[in-house]
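Enquirer: With mature numbering (1 follows the signal peptide of the UniProt record, and there is no 0) applied, the sequence shown covers -22 to -1, 1 to 656.
In short, the hints are calculated from the structure, not lab data.
One or more of the hints may lead you astray.
Unchecked claim - The calculated label-pair distances, taken between Cβ atoms and stated as ranges, are:
id	residue 1	residue 2	range
1	537	473	24 to 32 Å
2	519	132	49 to 57 Å
3	518	282	47 to 55 Å
4	68	183	42 to 50 Å
5	346	496	56 to 64 Å
6	355	44	34 to 42 Å
7	314	149	45 to 53 Å
8	64	87	20 to 28 Å
Every residue, glycine too, gets a C-beta built ideally from N, C-alpha and C.
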Amino acid sequence: MGWRELTIDLLLLLLLVSHLEAVSFPEDNIPLDVVDRHYARQYPVFRGRPSGNESQHRLDFQLMTKIHDTLFIAGRDQVYLVSLRESYRNEIIPYRKLTWRSGQADRETCAMKGKHRDECHNFIKVLVPRNDDLVFICGTNGFNPMCRYYRLDNLEFDGEEISGLARCPFDAKQTNVALFADGKLYSATVADFLASDAVIYRSMGDGSALRTIKYDSKWLKEPHFLHAVDYGDFVYFFYREIAAEHNNLGKAVYSRVARICKNDMGGSQRVLEKHWTSFVKARLNCSVPGESFFYFDVLQAITDIININGVPSVVGVFTTQLNSIPGSAVCSFSMADIEKAFHGRFKEQKTADSVWTPFPEEKLPKPRPGCCAGHGSAESYKTSIEFPDETLQFIKSHPLMDASVPSIGDEPWFTKTRVRYRLTALTVDNTAGPQKNYTVVFIGSEAGIVLKVLAKTSPLSLNDSILLEEIDVFNQAKCLSSNEDDRRILSFHLDKDTHTLYVAFSSCVVRIPLSRCERHSSCQKSCIASRDPYCGWMSHGACERIPAAMQTGYEQDVEYGNTAHLGDCHEFLATTSAPDFKSYGDPTSDMELPSSSVTVPTTSEPIQSPQTIPTQIPQLFGSPKFVFNDDPATSRSVEHIPGVLEENLPKALPLSNTFKLLSGNIIHQLILSNICGH
């Protein structure tokens, strides 16, 4: 590498650092409990094939859906039915299996089009109940998507195969969503082999099929569809896409919510015939406030509409841009704020080179573009077909709203920025605890780690969100995979009735309990300090899960975890240096403590489960902490990042060969040895 190229690289680094210095970078919460992979290996696993049958193909997980008391797990060529009421010890065994493979002709055509034979199977991408008797299933079918109805009682094929075009993607790697609302199928996917025609589509039921405009980047630009919900008079779609309004150099991904009227009948023969007349979209703003906002722009997953403090809301996990510093956040959005954005001003770009600006409200045509026929300013119109051309022309060219949707409280519930992995999935229990008054968020990551967070759901709360547990769930031995990409958590299913969480990976699904109260054993101090809304100290002297119907007879302090009145637990290994967090594990755990920080108990009783109990509970509430460059209190060594394998970390170098980007509890350093040729 020449000196000129080296100088350019160094200048780019300096520009990056100067930008970071101006940004408020959130600091991570310390977990109250770390559950290592050795402890978690006791949990049962579903692999799509029985133990001992290693010749059968891997699961290739696509989706899971609960219908009645059954969890439908869809993968490659098959759908498995797992009872949610069954207790499993080591392996989750399905009680029924549906097999639907691609036809020979479809596989041959797929291979002729240049696809690998492993891509030419039938990956199940749509599985939604049509009614109490039928389930609608679609698969990629060797890049020729097809759909079928199956009976729920016996899984027999019912009727004829129908085309999956615009209902199901061609490729298993493509994202999609689908749901039935008022008897019609709403789907969002790509509608061609080359994945160039992204579409939000309505079919089946009464009325003609409707879709978004083809190849119009103002409507959709390389979207990744993640979720859809039926709410009131509308169907809402949540996705991420390339932002057409991004004015800086390069591409940027923004998170979106789009809305469509369920009574939309399309436009007139002159404008928007067989296309949506009500399609509007807005940006979801998940960011950390400060002098310079720190944005988490890339939506990874989002919940159904749930009540947060009595307010209908959605909760999503967002990450930074792919070419940015890894960072993730959980933000919530009220449906009222989403609706407010859709009632606000539109955004427009007058020419291809001009800046996007708000469209003057007084110049809007009537009825208001994007509204539903028979409602609001369009109350006098029976159907959208009757809308005047001016209204239809406007919504055709102005689907984007000017204002973004703010998160509740204008800040994330939780952030994770000091690890090398991003967060990928989440699910929310909004009625946790015996009084059903706490909100617990389970968040999945690329590293196979589940974060369990007690969420601060109100800006008026005195406490910040608390990271209760960090659980290394991925079981490499049981999932039969050593591929790091397979550690990525794809989806969750939370089953409150059985107090379990199903964690989906590409090669397996692991079932874990929502709590691990037994890890605090007979130590009251540890039990109270855990601050877990599911756990309580019982009158008979044990830390146990609190049954849903139990209102008295236990002790817990979720708000503060105050243990000042409690004595130490001498049957446990107690630290003398007040560590920041507890590390529990089984006796085979490879998580070791420094010998200088451990006091060996004098009791002759054998220790059944070595644990570490802090002598001081860390302060995890108060004002948010931010890290700025040149913090004099920071260490000069690169610390181990929890959840990241050490072999994946850069080797430590002398400070002269490193370039400090950020300070804090963990120093992020950029290795310059490759640039400098050392």
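Enquirer: Indicate, hint by hint, whether the structure satisfies it.
Expert: Status of the hints after comparison with the structure:
Between residue 537 and residue 473 the Cβ separation comes to about 27 Å, which falls inside the hinted range of 24 to 32 Å. Distance hint check: the CB atoms of residue 519 and residue 132 are about 50 Å apart, consistent with the given range 49 to 57 Å. In this structure, residue 518 and residue 282 break the distance hint of 47 to 55 Å, their C-beta atoms being roughly 39 Å apart. Distance hint check: the CB atoms of residue 68 and residue 183 are about 45 Å apart, consistent with the given range 42 to 50 Å.
Between residue 346 and residue 496, the C-beta spacing of about 58 Å keeps the proposed range 56 to 64 Å intact. In this structure the hint that residue 355 and residue 44 lie 34 to 42 Å apart at CB holds, the actual value being about 40 Å. At about 37 Å, the CB distance of residue 314 to residue 149 disagrees with the hint of 45 to 53 Å. In this structure the hint that residue 64 and residue 87 lie 20 to 28 Å apart at CB is violated, the actual value being about 41 Å.
Violation of the numbered hints given earlier is confined to hints 3, 7 and 8; the remaining hints are satisfied by the structure.
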